[in-house]
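Q: Each chain, written out:
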Amino acid sequence: MSPLILIALGWIVAFRGAKVNLGLQGQMIVGGIAAAYIALEGPSLPPALALIVATLAGMTAGALFAAIAAVLWAKRGVNEIVSTLMLTFIAQQVLLWIVRGPLHDLSSSAFQSRPLPSEYRWPALVDRTPFTAEVFLTVAAVAIIVFVLNRTVFGYKLRLAGENPTSARHAGVQTVQTIVASFVLSGALAGLGGTALVIGGERNVLSGGFAGNIGFTGIVVALVARNSPVGCVAAAALFAILDTGGSVMQVRADVPSEMIFITQGIIVVLVATSVILTRRLETRAASRRGAAEQEDAAVR
Amino acid sequence: MPPFDSEFLRAAILIASPLILVALGELISEIAGVFNIGLEGMMLVGAFAGFWAGGELGNLWLGVLVGVLAGVLLAVIMAFASIQAGADQIVVGVALNILGAGLSAFAFQKYSQNQPDLFIDRMARLEIPGLKEIPVIGPALFSQIPLVYIALLLVPVVWVLFCKTTWGLRMRAAGELPEADETAGVSVRALRWQGVLIAGGFAGLGGAFLSIGLVGTFLDGMTAGRGFLALAAVIVGGWRPLGVAAAAALFGAADALQLRLQAETFVPRSVWIVLAALVLAFIVQRLGVERRRPAYLAAEHRLFTPELTVALVSFVGVFLLAIFEPQVSLPSLLWLAFPYALTIAVLGGLIVRVRQPAALGIPFVRGG
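Chains as they are written, first to last, in the working numbering: chain G, 14 to 313; chain C, 131 to 498.
If you are wondering where the hints come from, they were derived from the structure by calculation, not from laboratory data.
Incorrect hints may appear among the rest.
Partial chain C-side listing against chain G, Cβ under 8 angstroms, derived [said to hold, decoys possible]: (1) Val206; (2) Ile207; (3) Ala215; (4) Asp218; (5) Ala231; (6) Ala310; (7) Ala314; (8) Ser317.
Where a beta carbon is used, it is the ideal one built from N, C-alpha and C, also for glycine.
Using the sequences plus the hints, can you model the full thing?
A: Okay, here's the thing in structure tokens:
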């Protein structure tokens, strides 16, 4: 669930600057690769330091990967929707190659890496429960993002730059730099999500499908939460339940688990249209009331 | 000069055709002011519906028709949400991609459970006698499946519709200045509905092309980003029918090239020469832009801007590679990423920056 939340946060941060980061999946994959690479090929480190280094490596890789798209947009005006998606397809191919080539575990019949060393696991906060440091990390990430977006100068500038770039520029905000920074932060969050998948995953290996579809489902989570960082937690819980339910449904009722994607798509379309439609109905009702009051006034 | 032979040209045109179709459809939608990023989902439902109907009804043309209808059906959701309800077009597009991928995979899963043979006969080639005998171009252009001819013929058709008809003018106005249409008594909403539905139909056709024309079966996610390549082609082509088709053809050629290079033990010299020529074209065009700059501006500008320096260095590098022809290649999995990398490079190196339609992505509210 926490990778979902991290991806959703990544989408929200970029969206505050009116940028559409559809390549969170790719940034997440690159982050996962970097973390796995450090864990498998890097020097042996004491447990706490090992986790910090791997996490930072994953975040940096995700940030740099997002930076490609951000710089292309800032310098050359390249549409970020297209560039981030192209980068995602490239990242996916690189991942498929890495688990068959450089990081391939030859003792396994599957295309995957060796299991990560034992120091690369989230320490449990309460023994034998899923309450590991990952939960703490996710809560901290949500809190930090809420603070950065709502209580800092950077967050304020970002909102200005996203909502009205012209007036932001006139107010002296360096809109391009601000938006690039938010995009890089968005990539770092996705990279952190990828790291969490590798380190916190059940099998503790890097495989071709380790990222699943989380980079896109996370976007759906953010959309359903209507871009509220706190709302993401509830929406991510809903989608985690949906996901588990989908697997159970496949086993018990022979309904293909792809059903959950259909559900996700329908939910987003409904959320996107209902917000606008209700607003429109409200204004219509309000203007009717206004007209009635005017008539009343005229009669009196 | 391998790998650039007649067979390569034939493969490039075949692979480019579905991209051209989808890109033309997206162009129509964007010209009318609706940014439709749900292409991937529309292609996937078109691909499955075409495959299913083609196999069940035993007629590939009926399969194509059903594929088109499936694309249109998904486009109805896009049109209703973005035009009637005024929802965020990007958000709806994202949702449609997920929905389309889910619907096609779900249906395929159900269908394949009690179906021993999942392959259908691909559409047969239709050779055009006479024209086929022309050297090089003949076999490449006139010995293709009929869907290719449809794709290629639609390019001039779309161009005529856009540039020579009243309907085209009204469509362009709907994307540039919708108030103008409204003032002239033409419904902006109706025009945009037409644009989105046509885009859905074209995307469904492109999807059916993949399953019926290219592969002969359906595979989960078989579009592999072609919907987004089409989106890039619309931008690279500068929102003009001929430019968009040319850009889509370039991406198709890149795909055909990487397929060929996967089989080679090392990259042949001719590939390096072509690459060097492309970089050189970029440099020449860049220098032309610098030369046309007014004198009072030229003084402020260094000739060796960072991008020109990068281009010159990469030209020298590729030129040296062409001379020495080193025995290098990539693992085939990485070659698959080549069209995407090329797309980013083309988008980044693009000089002529054409403005997108002014009202693109903005919901139109009458009297608003």
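Q: All hints, please: hold or fail.
A: Comparing the hints with the structure gives:
1. Val206: violated, 11 angstroms
2. Ile207: It holds, given that the least Cβ distance between Ile207(C) and chain G is near 6 angstroms, below 8 angstroms.
3. Ala215: Given a least distance of 4 angstroms, the restraint on Ala215(C) holds.
4. Asp218: At about 6 angstroms, which falls below the 8 angstroms cut-off, the nearest Cβ of chain G leaves the hint on Asp218(C) intact, so it holds.
5. Ala231: holds, 6 angstroms
6. Ala310: With a minimum Cβ separation of about 24 angstroms from chain G (threshold 8 angstroms), the hint on Ala310(C) is violated.
7. Ala314: Violated - the Cβ of Ala314(C) stays beyond 8 angstroms from chain G, reaching only about 25 angstroms at its closest.
8. Ser317: violated, 18 angstroms
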